[in-house]
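A.B. asks: Could you use the hints to bring the two separately framed chains together as a complex?
Take a look at the letters that make up each chain.
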Amino acid sequence: MQFAQICDQVEINAASAGTIDHAGLIGTWVNSNPNTTGIARMVVEEINGELSVRTLAIGTTGLIDWGSSEITVYGSSPSSDAAAGFACRYDFGFAETLLQGMLLKGLMVLAQLHRFKDDSDRVPFFVREYYALEHGRF
Amino acid sequence: MKRLLDFKQSSHLDPALTEPATRTLNADKLIGRWLNTNTTTKGVAEITIKQDGDQFYVNVSGVGSEGPIAWPTARAEVLANLEEEAGQRAVAFAATFEFGFMTAETYLRVNKGVLVIVLFNTFHDDSGRSNYVTREFFYRG
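If you're matching them up, the sequences are chains V and Y in order.
All letters in the first sequence, in the order written, are residues 1 to 138 by our numbering.
All letters in the second sequence, in the order written, are residues 1 to 141 by our numbering.
Isolated chain Y, as found in the complex (with noise of 0.2 Å):
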């Protein structure tokens, strides 16, 4: 008998969700060392993105006044992409970096060989800062 999901929109109900396809997606696509193809950014400089097991962790190099700046590493969890890249089903990663007077959320995709990434930049201090959201390209390095 077949089961009734529950749903908030169509897309809820996609076939591909249950796919054992979908839950294998390949991720090489995003694995590796990316450089911000901006020389001159005041924001992230370099993402390294790596697998062990079937965990992802990204690594991300902050431009500081002195050197970069090392933030904590963050571990990725895995989103099916019901975008298409080049004709193939691809995945997303979303991550969480925590500094405590700040927390960064991201989503980073592969766009034609460019990984974007979008932050999502809340204070909590009383610095009296705007939350702030950035997006950056970043090739292959």
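Excised from the complex, chain V in its bound form (with noise of 0.2 Å):
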């Protein structure tokens, strides 16, 4: 087993092999600051066993539906059953974004990695933001 830290060497279970259970990361994700500028919220979803996020970011006059992408789920280690985040990404033309989420304490932390391929000289720029899942239980 090829490994470039030694926390990548683990046993594995034949029989549960690569399975992440991603039943933590389905549902709609909400941004904690009512000011963002940024992605509002996003909703996890399962459609004919495939896992993808919609996202719905704050426009200039409403909210921009960039509709779905397809995501990829990882778990907290190598051995690890149970999601701990996602990864996916946005293709605009005139921008990419790479999402890249990780779950902490309840909240999915969302790094955004933005890079502009227009000729509109702006620059690839990073922001971090907190997201709390709508659980309706309070």
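The hints are simulated quantities; they were obtained by calculation from the structure and are not laboratory data.
Be aware that one or more of the hints could be misleading.
List time: in silico DSBU-like cross-link candidates among lysine-lysine, alpha-carbon distance up to 35 Å [unchecked claim]: (1) LYS112/Y - LYS50/Y; (2) LYS42/Y - LYS29/Y; (3) LYS105/V - LYS29/Y; (4) LYS112/Y - LYS105/V; (5) LYS50/Y - LYS105/V; (6) LYS42/Y - LYS105/V; (7) LYS2/Y - LYS117/V; (8) LYS112/Y - LYS29/Y; (9) LYS2/Y - LYS105/V; (10) LYS117/V - LYS112/Y; (11) LYS117/V - LYS50/Y; (12) LYS29/Y - LYS50/Y; (13) LYS112/Y - LYS42/Y.
C.D. replies: This is the structure we're talking about:
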């Protein structure tokens, strides 16, 4: 087994190999910052066995629906069977956005890496925001 | 005449993205040798960030079973960090390490003097390992 750090060396249960329970990701994640100028809300859903996120961002006159993007699910270790994060990409033509989310104490910490492909001279930028899962319990 | 810019969120229109001051943000806070704050880590032991002209490079040593494992050097992409650090705009780096059997994508930033890295590790082999994400903290060595 090849590894780049010793935590990559794990014993794998063949029956559950590579299977990550993504139940903890599913639902609507709402930005903790009501004044955000970025992503307002993300809806993670499973459709026909495929996990995707639908992203809604703050526009100048209302929310902008980015549509859905297939996500890659990450655990917390190579032997983990529970989701601890996800990643996905959006290509808008004029720009590309990489979203990398990590679960921390019930919050989704979302890193956004924005790269512009047009000639607008805008620099690539990084933003990190926090999202809570709407659970309807309280 | 003012040009209309494409955008998918209001922050795409942030004037800071085209300001000369943003283009020349100082990356000094990230450059240097960084040691993991966790002495028993099984992940990344240390990181060195170097500048060569206008390019930045990241060297990582992973903890191995018989000593450190040198990762392939990765070129860092500089991103304006729209979060503020001590009232000042800063930069973050993004870097990707290709191992063949695995890809490690990371972003690095400094928060209150601590280098924070988040690594998204994706396996390409048939080992059955789960893709995983980690976060580690480093102090200046």
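A.B. asks: If a hint holds in the structure, say so; if it doesn't, say that too.
C.D. replies: Here is how each hint holds up against the structure:
1. Of the pairs offered as hints, the one joining LYS112/Y and LYS50/Y holds, with about 20 Å between alpha carbons and a cut-off of 35 Å not exceeded.
2. Distance check on the hinted pair: LYS42/Y and LYS29/Y sit about 26 Å apart at the alpha-carbon level, within 35 Å; holds.
3. Among the hinted pairs, LYS105/V with LYS29/Y is consistent with the structure: their alpha-carbon atoms are about 29 Å apart, no more than 35 Å.
4. Restraint check: the Cα-Cα separation between LYS112/Y and LYS105/V comes to about 21 Å, which is no more than 35 Å; the hinted pair holds.
5. As the CA atoms of LYS50/Y and LYS105/V are separated by approximately 34 Å, the hinted pair is consistent with the 35 Å bound.
6. Of the supplied pair hints, the one linking LYS42/Y and LYS105/V holds, its CA atoms being roughly 22 Å apart against a limit of 35 Å.
7. A threshold of 35 Å between alpha carbons decides the hint, and for LYS2/Y with LYS117/V the separation of about 19 Å falls inside it, so the pair holds.
8. A threshold of 35 Å between alpha carbons decides the hint, and for LYS112/Y with LYS29/Y the separation of about 10 Å falls inside it, so the pair holds.
9. For the given pair, LYS2/Y sits about 45 Å from LYS105/V by alpha-carbon distance, which is inconsistent with the 35 Å threshold.
10. Proposed proximity of LYS117/V and LYS112/Y is supported: the alpha carbons are some 32 Å apart, at most 35 Å.
11. Taken as a hint, the LYS117/V and LYS50/Y pair is honoured in the structure, with Cα atoms around 26 Å apart against an allowance of 35 Å.
12. Straight-line distance between C-alpha atoms of LYS29/Y and LYS50/Y comes to about 11 Å, which keeps the hinted pair within the 35 Å bound.
13. A C-alpha spacing of about 24 Å is found between LYS112/Y and LYS42/Y, which places the hinted pair at or below 35 Å, so the restraint holds.
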